[in-house]
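Enquirer: So you can see what is in the structure, the chains are spelled out below.
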Amino acid sequence: MTQFAFALRDVRRRPVVFVFFAIQLVVVLLFLPIVAQSAITSSRHIRIAESMADNRMVFFSQTLGTFVRRSVTPDGARWLSSALDENLRAYSVVSSIKLREHPDLAVVVGVGAFSELLQLKGHDSIPAGPVALIGNNVGSLRVGDYVSFGERNTKDILVHHRLPRGANYIARGTPQTLDNSLVILTSAESIMGFFYVGYHHFDEILVNTSLIRPSGADLLYFVSGVREMTGVALHPIELNDYSQQHHGGAFYGAVFFLVFFAITSAYVLVGIVVNIVLLLENHMSEYAIHLLSGARLWHLYARVFIYITLLVGPPLLLASILLRSMYQAPWAQLFGAIPLLGGLVSIIAVVPIIKLRTSDIFLHLRGD
Amino acid sequence: MSLITCLSLHKDFRRGPSVTHAVRGVSLEIHRGESVAIVGASGCGKTTLLNMIGLITTPDSGELLIAGQNAKQLLSTQRAAHRSKFFGYIVQDFALIEDYTAIENAEIPLIYGPDRLGRSERRRRVQAALSRVGLEDKAHQQARRLSGGQRQRVAIARALVSDPQVILADEPTGSLDAQAGEDIFSLLIELVSTDKTLLLVTHNLDLAERCGRQLRMRDGKLV
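So the protein sequences, as listed, match chains A and B. Residue 1 is where the first sequence starts when you use this note's numbering, and the numbers rise one by one after that. Residue 1001 is where the second sequence starts when you use this note's numbering, and the numbers rise one by one after that.
One side only, chain B facing chain A, incomplete, derived with CB under 7 Å: (1) S1084; (2) A1095; (3) Y1112.
It is worth saying that the hints were derived from the structure and are not from the lab. Just so we're clear, the structure is a prediction, and the values are computed from it rather than from any experiment. For each residue, glycine too, the CB sits at the ideal point set by N, CA and C.
The following block holds chain A by itself, in its conformation from the complex (with noise of 0.2 Å):
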């Protein structure tokens, strides 16, 4: 307690180094883990975007969605859906829609060919009927469990089984895992007997479209199909090419940018060393007095170490409750930010605790 006063004591005489550092801490400390992230996303995107290549996807516009407000009306939907279902390769999704009985889990309406596209094992042998799947980390439903879907017509779907670890899908070129999702397999056309009339489901499920290895013919069929039934003008987008560029240079903005954070972080942390040291060296005749006056070494120990913990831990605590949030972690997780606190402070305090122990500190008790 005597030596946690005494480092709060440290941290008042220069308070202004003080915040200096824990600014520049939170800044590293938010930043690279936001970009290491950004750089794994990436990595895993175009991972994935390879892993389909073969599929020689084409979506649309990005942009796709703020011009589609209600426009497929109900002769649109059917247009749309027979040519999901029956006269083109293509898939899209539904994401809006919420269980009553389970409102928190994400759900993923996979239409047309979608279960081609998730690569099942046997993906034939999945019935033609709506199916349900579960995403590797789904606690709430088990394999053989019925899930009630729909509001118009309501049917107990059977939960066939449970999709591998990291299972995903591409909706308008940005993969999305499957993890935490129940995914219903179904046909466009059931859409409509399922919901209510307003054919909502309908305008994302036409943002949502992928074709798969489409011709010259399928493009415009469909491009013109669209136009025609709703008035909107599609621009169409292979994904192998948008994949290169988008999230190839994501991925390379992002590694840039986690080694100059990477980069910065070795030089906080150099900094944070060096301003120890200066510390020491400008307390060395006080640790002395404190020896003299029957203080151990160990007591000069703590007081750096308290004195680190002070300069780390607030930056450290401020950054994990902005990321948590950000990444919308549950509360337990920044009891990960401990061990990382310990380590920090570890690592800091190897150079000042060997200087504390290699020098002789009673030599500065002595001005000449």
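Add chain B to chain A, keeping to what the hints say.
Expert: Leaving out everything else, chain B in the frame of chain A:
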């Protein structure tokens, strides 16, 4: 039985290839209640001898007995306890922490002392020690705002606060003018004369003569 016994103490300092033989085979006995002055030229080893006796520096060879206990056999905890409770140290440059108040400076030995006193008891004892050196009205003044004489009084209060048996004073008046030096030394003699042992290192022969015994050092040896 003597309170402190030195038997053929040696201490060398090495810097690169050169070796300084600071203390060479010093033997002496200091008895309870004695006041002993060690005099000699700069660099003759008197401060090193004082630091060895005060458990600040470890001898290279020889025996040092503190109240009958061999210093080599003391654990680091016991050495630290001796520094806070058995010895009181006064050095030439006062060794005060500049931004601490007089009371905070004088309190330090009690913080580390084996008695584990509470804060209020510590403060009571420090106030009493500051009163003895005539600084009760400067208790909450930062050390940097005190005059040289006042700073040395704080250092004396710190040396006395845990009621040690031995006061080790290394040039206690060396940084003071003649009048302040005289005042401080008179105060020191007065405070330790009753029941304490004083070991004084000084250049000043006049001060040394006011101690009960004078020892002279030259080239690391008692002469």
